[in-house]
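Chain A is already provided as a structure; the job is to place chain B on it using the hints.
Which chain is which? The protein sequence lines are A and B, in order. Here the first sequence is numbered in the numbering used here, starting from 1 and rising by one per residue. Here the second sequence is numbered in the numbering used here, starting from 1001 and rising by one per residue.
Hints are all accurate, no fakes.
Straight-line Cα separation of at most 25 angstroms, SDA-like style, residue types lysine to any residue; simulated pairs:
1. A:K2 - B:P1091
2. A:K124 - B:G1012
3. A:K266 - B:R1071
4. A:K266 - B:I1117
5. A:K2 - B:S1089
Hint data in this document are derived by calculation from the structure and do not stem from the laboratory.
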Amino acid sequence: MKFTILIICTLSCVIFSLFIGTVDLSFIDVLKALLGRGTDTNNIIIRELRLPRSLTGAVIGAGLGASGAALQGYTRNPLAAPGILGFTACAALGAVIALYFGFYKWIPLAALSGTAIGAFLILKISGNRKSASTLILAGVGVSALATALTGLTMNFSPNPWALSEMVYWLMGSLSDSQFVDLLICAPLTIIGIIMLTLIGPDLKTLSLGEETAVSLGVSLGRLRAILIIGTALCVGSGVAIAGAIGFIGLFIPHIIRLIFGSDPIKLIPLSAISGAGFLVFADIISRYLTGPGTQLYLGILTSLIGVPFFLYLAIKETKV
Amino acid sequence: MIHINNLLSGYGPCDVIQNISAEGKQGELIALVGANGSGKSTLLKTLAGIITPTSGTINYLGKELAGFSSRKRAKIISYLAQNREAYPSMPVYEIVELGRAPYRGSLGQISSTGKDIIESAMVRTKTQALKDRKFNNLSGGEQARVLLARALAVDAPIILADEPISALDPAFQISMMQALQREAKKGKIVITALHDLSLASQFSSKIWMLKNGKIVAKGVPKKVLNAENLKNTFQVKLPKGGFKALQLAN
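Chain A with its partners taken away, still in its complex shape (with noise of 0.2 angstroms):
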């Protein structure tokens, strides 16, 4: 039952988010455009604009979302999110450099290469060690590296313009998805997705503690690579189209946690499909609320509805 509601409502966010925008179009209008008899104008407004912004959303909230359980599952800490491995850093690393080069095609590339290092740099640091406290040691220097690295190609950048533009790339948006970016990402998502999935067994086994997963047949190096590049993949290709959007890593999973419980076999999935459907939920907000000449990014408005919401259930669970 529980189930049945997280999908209609991620459905009916996803849905609902082809009605926003500043055209005003009735549901046969929608209608029609999807399937591309609508007006030449209500088509494009659909098929291109309104349709690939609401699906590359949808995919990167859920990537998130399950990095954001995974981690949680692996480190046993419910505080842990995407950026502690670095790779949101690295990723916007890439694409700040990229903007600081004016190479305004090639930001996903560069976002993607960047969150590769990442990845490589934390395979090799954590490779041979078994501890989970060693990955996590990995990805905060990696991080405050990659963040070093931004704000030096940020001090040094060539006007103030391309300045500004890195700043507001770094805030997040998906005001200008196209199916391209929905064609990078959606596979590279997905991939990490089910990686992240098919670890969830032996992320539930870990919670009997290292040693006891390891007796019942867990090789911790093969999860640790999965994880890393799982993350990677979901972290990566995120960033590399809409920019750093924090908190739904960190906070989806815990909601889930509370109403499906702590299992991580469901709580991956289950996590996917809520940060996809929270992530267009947001998306339609700042859709509300950007007016002509203003936006409000959408990294800082997930954060604003998810940080009220997580602080009363942090809240309330201590008093419990």
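Positioned in the frame of chain A, the structure of chain B alone reads:
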């Protein structure tokens, strides 16, 4: 039959286990005794595949365990860790179910045979009534029984238990030892680290006495737990009249 040959093992550069050779047969309950730091836990962790030995071999039924995949090895050896660090909010049944981890499908599915084995492990450890309770709401004794049920749910021919009765009251200590003894009688090899020499003498069929990473004495309890060995290994005297057997009141 498990054969340990010239085993050297430890953490980092120093070997805690110094050239141990021993063997265990089906139906035996072997008690590992020795002072703190003598290498009992390190030996069990090496046998369980948690620590990779520096040199030496461990063979089960003539096959070397080092050549096995971690999953295949987990089907042969079940390990019960010393600390009870299970996920606090997890229900008891889900913890016991994790004993089937080496056999489950890629999405965590458990076969009907697996479910029967879980049920049987819970019956043997008297944990069925706790099934739906959260692990962190149980008493220390109940937690120990649940983790034993988890170890039995692996249904492996070898069971390793690292001080399974530590921090338990006498009645729970005896019932835990009885449960391990029943497993041995059913044809399993049970190797358990114990600090309580009285329980070791009462329940084990063999004792391996460790000192500084070496087995200094091995054999039946009566032979190993003599005055001289106790003095050399623990710096204690043999109690007058030897070790007395403890029994449950009812």
